[in-house]
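Residue numbers (the working numbering), protein chains in the order written: chain A, 1 to 269; chain B, 1 to 268.
Please keep in mind that the hints were generated in silico from the structure rather than gathered at the bench. All figures in this text were calculated on a predicted structure; none of them were measured in a lab. Glycine residues also receive a C-beta, built at the ideal position from the N, C-alpha and C atoms. There may be inaccurate statements among the hints.
Unchecked claim - Restraint-style ranges between C-beta atoms, simulated for each label pair:
1. B:Gly262 x A:Pro145: 22 to 30 angstroms
2. A:Ile182 x B:Asp110: 48 to 56 angstroms
3. A:Thr75 x B:Ser172: 19 to 27 angstroms
4. A:Ile33 x B:Leu246: 32 to 40 angstroms
What the hints assert, rightly or not - Selected chain B positions facing chain A (in silico; Cβ < 7 angstroms):
5. Arg116
6. Gly157
7. Tyr165
8. Arg202
9. Thr205
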Amino acid sequence: MLLEVLQGTEAGGFILLQDTVSYSGRHLLKSYISTALKRLHFHNAYSDPLGWTGNSAFTVHQFTLEDVSTLIKQTPQAKAVTLVIDSLSWILRHHDPAAVCQRLQALKKGGAVRTVIVLVHTDMHQRGTVGSIRHLATSVVTVAPGTRGLGAVAKTTRRTKSGKLMQDEETFSINEDLSVTIHSKLSHPGHTHVNTDETEVDPTANLTFNLRLSDTERQAKEKLALPFVFSKEKKSALLQPGPGSGRILYEPDANDDYDQEDPDDDLDI
Amino acid sequence: MFAELNSILNSSPESFKQGEFILVSDRQTDASFLIHHFLSFYLRGCKVCFLGLVQSFSHYSAVSQRLGVSLNQAREKGQLVFLEGLKESLGVLLQGDTSNGTPALDFLRDPSSGLRGLYDFVHGNIRGSEGRAEDWGPPVLMVDDLSVVLSLGVSVGAVLDFSHYCRATFCSELQGTMVILVRCEAEEEEEESDEGSERLQRGLTHQCSLTLQVQGLPTGYCRDIHGEVEVCWRGRCDGLQIQRKLFQYKVCDKGTLFFARGTSSAVL
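Just chain B, with the same shape it has in the complex (with noise of 0.2 angstroms):
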């Protein structure tokens, strides 16, 4: 949990935003460490259920420590329900047998199906617990990441209909939160491709309340300065001014520096 990030997004474990909607999306560099931000803030006190596609559990594991938060004994008391998307993806490629493995990886089998069994397992894990909810806070669903998915064969238009899903259950009906991680690649033609992660972006852009977009530096790599966000709140519709705030970054063994454009220590 990077307290400056907190106060940039004015939010505090005890007391944050709900049905919000989080989009963080990459260009050219790695935001996971956004992910790890969230991940440790809202294991707080949410019951948070983590779609890892990219990385294994043991990864987390290792970040959350250093943040101060234990993934195992989270894991452990039912607090976080974790996906192993690499782990159980070898049980649907090897054996391909459908008896065998989660029904929540079924688009490796067939991508034209969508991310309906993804939907299913989500919505499962968040219901199966009704007893115990009130233990803890509203539900958080973190997804890293959902670009990933669009290399294996599913359509953009199944994603959008996979978050839009997870939207109107966590956001609208259980009033929690979401966050979902997409990267974008840099895209060489001009016209409006069909597919793509670009497209992805723009349309999970449209259904976010907060976008946290990350990017390199432009003028290149800088050993001080990791990178820039760019903090744009959709949701609202002030009088005059369109909320959106610009930082630079360094990430740091046990944290992020973020401070405003040209303000870094090295700088100054």
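Chain A on its own, in the form it takes in the complex (with noise of 0.2 angstroms):
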């Protein structure tokens, strides 16, 4: 599913790429925009977003509907744009969430703009501020490292026109030319089994003590008699006292009448 939302699919959707320290996010959204866009307008607003050095082209206080508007308007053949926001964690930073939500759904709304991507760090910013950019997504991709080293793995959930929700879990990694490769479906997310192909291994092998039996010496193993493993015949002629074996004559004796219940003896009950 992470191929169909980058190749851009989706027409006049708004996906929101979540990436964390562990794992930049930066590349994927570059793989989108050298697969899914034909053109590309760069706006900077990277050397001054402030004003401090006094010649920005776009600070982050202009992110408002008329400015952005004004922006697009300015680029030739401006029709069915796409606006990607690298990153709108910035602005974040300096707007109240709930204005940006609000900006940028009119932005979507009033037709200036047909499909809006935007890359934010979900680790900095509090949960409720990247859950109300959450709700405004058609499309939530979030990346993270993948496990033992290969790759990334990237959770894809989409949310159709009808309402139905789609969520996929895949591994990916993405090459040289920014194009992606998806390494494998992950069905069951959440958790990966140890490897359990490898075959057991021979304890008897490679030793420099011999430790396997050959056939005789395996027969005269099971041949063996244990000692104290009787058969039938040796635990009767055992019990039975034979001629000439000694006998025991036993004479009860007081004192080996011991009552638990009654030491002195002396209870009449």
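Can you join these two chains into the complex? Each is in its own frame, and there are hints to help.
This is the structure we're talking about:
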């Protein structure tokens, strides 16, 4: 599903790319730009976003419906515009999250832009802020580093116009030419087994002494009668006194007749 | 300059990657040995602007002498611009007169104004010597350490704005380098707090291209191994592997030894 989102098959959507410190979502954003967009107009809000050096092209305070619409109208052949924001976290630091959501929604509904794709660093904001941006989005892609160092994992959630929700989790990697390769689809998200294909190791191999038995040795072992395992005949032979064996004569002694409940032998019950 | 660290980072004073933003962070240990390394590394041929907010000039001078670099000479030649935060702050706090003292430390008077004054100071010093800029290589900005301004009342957002502007000027425009040290305190609450050195460190990590995270050993104090360093390259997007390496280190009198985990000379 990640490739469908990246190739922009969904027109008129709001795609949210979430990342954290452990894996940067910017590479995926670049991949989207290179595959889905035909013409890229770059507006530099990086060199002077707060007006400190006095030569800014676009400041963060200009992120309003009017200013962004003017900017878009200035670009030639502006129809079916896709707005790419890298990164929304910057704007969220300087504006109230509610205002940002309102402006993004207004930009989309107002027809100035058709598709919006933004990059948000989830570990820089409170959960509520990220949650409100998520509500605006029709597709959410969360990237995280993959287990065992194999590329990265992307969890994609897509909401179609009919309201159906589709989710997917895939391992991917980005090549030199910014194309995305999907490695595997994990249908059970959240847990990877340790590889159980390993054959069991034979402990008697590779030793300096011999632990194995040859056939004759095995037969001799099985024939051996163990000292305290008795067959029926041996048991009866031992139990019955044979001729000449010692006999035990016993005469009960008064001291042996010890009653636990009457040690002095004076109860008359 | 530590030779082993140079080979780990694949750089040498003659050839190092330009436009890098190096973030050095530490948690419950002291990573300033890396600052001394980078200072002596870049003074081999670049102009360095050093914002020393936590130690005096003589401290760095004494340590650099052991590593073979003379800071006094560099300052006289104009190769090193050193902002002595501790000394200048006295002027700002005691006299309270706006005409005295540099505007660089304006945030001490008014923390809510942010670090714009500091940025203007840095910007001015790099631009000011435009005529002689060809003598030295690309400019380098070093800050030791940036998280101390958080305890002086500056917000995390203001610090991130400052580092963004420095990055736009030093790394992107002038193709120089930036090295920043932040120190994180272990936070007790598990909830993400809005202000705090952890959030600052995360924000700076998003902006940087190379991080060196220094931590003490999880098992406690050891005489022969002083801690672990995790080096993480962020700028690249290699096909499959994300570039991360872990080393242990021991700080000695004239340098630092780096070795792979478990291969300390005391253990082998």
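Here is how each hint holds up against the structure:
1. Range check, Gly262 (chain B) to Pro145 (chain A): Cβ separation about 24 angstroms, and the 22 to 30 angstroms hint holds.
2. Distance hint check: the CB atoms of Ile182 (chain A) and Asp110 (chain B) are about 53 angstroms apart, consistent with the given range 48 to 56 angstroms.
3. Under the hint 19 to 27 angstroms, the C-beta atoms of Thr75 (chain A) and Ser172 (chain B), about 23 angstroms apart, fit the expected range.
4. For Ile33 (chain A) and Leu246 (chain B), the hinted distance range of 32 to 40 angstroms is satisfied, since their beta carbons lie about 34 angstroms from each other.
5. Given hint, Arg116 (chain B) at the interface with chain A, holds; its Cβ is 6 angstroms from that chain's nearest Cβ, closer than 7 angstroms.
6. Taking 7 angstroms as the C-beta cut-off, the interface hint given for Gly157 (chain B) holds, the closest approach to chain A being about 5 angstroms.
7. Hint status for Tyr165 (chain B): holds, given a least beta-carbon distance of 6 angstroms to chain A, under 7 angstroms.
8. Interface restraint check: Arg202 (chain B) against chain A, minimum CB-CB distance 5 angstroms, threshold 7 angstroms, status holds.
9. Below 7 angstroms, beta-carbon pairs count as interface contacts, and Thr205 (chain B) has one with chain A at about 5 angstroms; its hint therefore holds.
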